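Trainee: Residue-level listing of the chains:
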Amino acid sequence: MHMADALLSPAVGATMWVLSGATLGRSATRVRKTLDEGRLPLMGVLGAFVFAVQMLNFAIPGTGSSGHLAGTLFLALLLGPHGAFLTVSSVLVVQALFFADGGLLALGCNLFNMGFFPAFVAYPLIVRPLLAGAPGQGRRALGIILGAVIGLQLGAFGVVLETILSGRTALPFKAFLYAMQPIHLAIGLVEGLATLALVAFLARTRPELLETQSRGRSAWKGALVVAVMALVAGGCFSWFASTRPDGLEWALAKVGQQEIEAPEQSLHGRIAHAQARTALMPDYAFKGGGESRGATSLAGVGGGVLTLLIVGGVGIALRPRRKMA
Amino acid sequence: MANFGDHLRELGALDRLASMDTPIHRLDPRAKVLATLLFILMVASFGRYEVSGLLPFALFPVILGTLGEVPWGLVGKRVLMVLPFALVLGILNPFLDRSQVAFGSWTLSAGWLSFASILLRFALCVGASVILIATTSMDGVCMALERLGLPRVFTLQIALLYRYVFVLLEETLRITRARELRANGRPLLLSEYGSLAGSLFLRTWERARRVHVAMLSRGFEGEFHGASPPHFRSKDAAFLMGWGAVLVVLRLVNLPHLLESLLKGVAS
Amino acid sequence: MSHHLLEGVQLCHRYADGTEALRGLDFCIRHGESVALVGANGAGKSTLLQHLNGTLLPTSGAVKIGGITVCKETLRDIRRTVGMVFQDPDDQLFMSTVFEDVAFGPRNLGLPDADVETRVRQALDRVEIGHLAHKPPFRLSGGEKRRAAIATVLSMSPDVLVMDEPSAGLDPRSRRQLIGLLKDFQHTKLIATHDLDLVLDLCDRTLVMHQGKLMADGPTREIFADAALLEACHLEKPFSMQGCPVCGRT
Ligand SMILES: Nc1ncnc2c1ncn2[C@@H]1O[C@H](COP(=O)(O)OP(=O)(O)OP(=O)(O)O)[C@@H](O)[C@H]1O
Ligand SMILES: [Mg+2]
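Chains A, B and C, in that order, give the protein sequences. For the first sequence, counting from 1, position 211 maps to 1144 in this note's numbering; every step adds exactly one. For the second sequence, counting from 1, position 153 maps to 166 in this note's numbering; every step adds exactly one. For the third sequence, counting from 1, position 116 maps to 254 in this note's numbering; every step adds exactly one.
Derived from the structure by calculation, the hints contain no laboratory data. One thing to keep in mind: the hints can contain errors.
What the hints assert, rightly or not - Partner residues are not named here, just some residues of chain C that face chain B (Cβ under 7 Å, in silico):
no.	residue
1	F242
2	N246
3	L247
Said to hold, decoys possible - Here are the simulated lysine to aspartate or glutamate pairs, EDC-like style, with alpha carbons at most 16 Å apart:
no.	chain 1	residue 1	chain 2	residue 2
4	C	K273	B	D34
5	C	K321	C	D355
6	A	K966	B	E236
7	C	K375	C	D339
8	C	K210	B	D34
9	C	K321	C	E266
10	A	K966	B	E234
11	C	K273	B	D28
Since we're looking at a predicted model, the values are computed, not measured. The C-beta atom is built at its ideal place from N, Cα and C for all residues, glycine as well.
So here's chain A without its partners, still in its complex pose:
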């Protein structure tokens, strides 16, 4: 799922921009250093491929709905984590610009949720070790599907955290989490199956293209342990969340207070303060119950209508003459 501008607070958005930007910079340096120059056009054209293949829908057996490939894991199998992150990032930028998927402020979140987790966590920790050596069909399927599922679970968790920390929706953390994770379990399975179908096709037709990833140590048992541990940890986490909901909300609220609210306090607080001094009708925010705020909100309506009229008027006044002639 794409995180959207409208759900973000500037602090969360900016933090994720910094994180993703740093990853991007590192990936770019690594790609320049380690890949031969033929990879450069390859990555660009593969970005276009991912874009196109994301629109290719297939039927999901037994459900009547359809799914498609997101492609990060597949790219990681071809290009390694750094190349995959760069390529997926370029896809996300174009989608944000042209199809308003997410938006500019949310770009940092989206690169992280949909690029970082699959490319830098799921791929190196799960998929690469599981596929090392000469994997049989079963091990290959296991590695790819586990990798896709875990990558998407982490991404979904990222979306939940970012949304809650931004505080633009009233969704309670737990309810949102319980909605998102199972949905993304399904999406992860679809992603895994689609990646597997593509990889199986390539293994049949052009096995040499996938060779790059079968190098590396054959530590697939270790990876399996990591994967199982991840799943167990996830299970424990949900159990903890369901039995001690207040504890978790409290922990999150605390994190929010310390790390997110703090920068907001400095910027927001000051802005709010300045607003209180400059605005003729101060303190417009409704925190908690607003008992005697009737006048304030009513005040907003007339002024709001007038504002829109002015904006509309400006638009009409600026209309190019050419069109009218």
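Chain A is fixed; fit chains B and C with the ligands onto it per the hints.
Mentor: Using the frame of chain A, we list chains B and C with the ligands on its own:
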């Protein structure tokens, strides 16, 4: 799979718009990208229940869209496209957030305000992004991103992606059409998906190889030499500073409230 | 500079998958010549052309350009001398506008911006698409793309033009215009093509390839008159040399 052709057409339409010539198109892409970022940042910085303070921000997309001659139908369509998403995420607010707010004689749950706020944010942010891309060429955006510190390798990725997305979407369209002609409306199965996506991938791979050869043939040695970027003129600086000031003022001063009290002053 | 511009000596190429695409070619093309390379699909034409600017290197044997052997060390100079026009112009036009595309080569040569600009203008005017400079490649017609692709090569001011199927996918009129354009070029030309009528118009000399070997090398008209040779190489006489289907006259 109807949305294939749609996507292709929409990309084409946006690209054609971006190659028009209006005062907004002529501005330096850096100025536009920065102003849009600032706009989104300001919109995002409002608290959960803010509605009236967000309204004046419509000024930015309205002015840029009008001067840039962006068809409003297109902007509206884009906003409508993300609307379901906004609805899903916001619709629970009125039910979850039941603290009451008095509206003159009647009351309303505060959740409705935060819901309206989310919808408004969506419309503003999506509108501003669409207008940015409809008034700025992809080349310009890449140049701006590079100047803003993104790595060259990355902006190059974006440029190549954009160049070949048209070619590949058309190729995909051909492949899927060929399948559909034989499939009699049967949906694409996962078993076929592998070979369909796979052959698309192999074609992509071969094309990438040929593109690389074409680059090598023209003296490419791993280093891209773009055109030196145009000068950031005083006009561009004025645009950026002007909007910067306006946006910050709109963030600090609640214009609707100001107008309201003026109205009251006139009335009494 | 040697009198022989393009020279192949026992040129062999085997692809990574084991395909023997070239099996010992010897040829020699002199300054100012316009030579055609014909052969059925898979004969090895494209493979041969890619050796001429070093995008493929010989498995054994050698290619010499102006007396210089093509190898890793000489690639830089070779690629300035030999300009290659590819089969699919979409592969060659990888930048965002025609101008940027044509400027790509000169910029790689390290020329200053002003020189790049003049070179681009000259190249675009040469193929008569100066008005398309700022269009993106995907917005061009097939014929315009082909011209743009040729301009990208001309901007490098090469001595030799090597073209892979330049008339493929063009309508008859665009094809005519392209032939007219190429006729005016003073460059040494090597054109791989299935369009034997284009060969008749443009090239005095023809090389015939079949299954990685050179089967014939001689004046175009003589070769096209040799029915047995054409038959053996899976080729057909150009239309203009076939008998009139109605009256049987040539
Ligand atoms: N990258 C490659 N890897 C392996 N084999 C290849 C590769 N490219 C070409 N071949 C093989 O080499 C042989 C010669 O191919 P080439 O492309 O040179 O033929 P061509 O004469 O240009 O054919 P056409 O007229 O169809 O363009 C063919 O058998 C082809 O299958
Ligand atoms: Mg060929």
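Trainee: For every hint, state whether the structure bears it out.
Mentor: The hints, checked one at a time:
| no. | hint | in the structure |
| --- | --- | --- |
| 1 | F242 | 6 Å, holds |
| 2 | N246 | 4 Å, holds |
| 3 | L247 | 6 Å, holds |
| 4 | C:K273 <-> B:D34 | 13 Å, holds |
| 5 | C:K321 <-> C:D355 | 21 Å, violated |
| 6 | A:K966 <-> B:E236 | 12 Å, holds |
| 7 | C:K375 <-> C:D339 | 14 Å, holds |
| 8 | C:K210 <-> B:D34 | 46 Å, violated |
| 9 | C:K321 <-> C:E266 | 14 Å, holds |
| 10 | A:K966 <-> B:E234 | 14 Å, holds |
| 11 | C:K273 <-> B:D28 | 11 Å, holds |
Checked against the numbered hints above, the structure violates hints 5 and 8; every other hint is satisfied.
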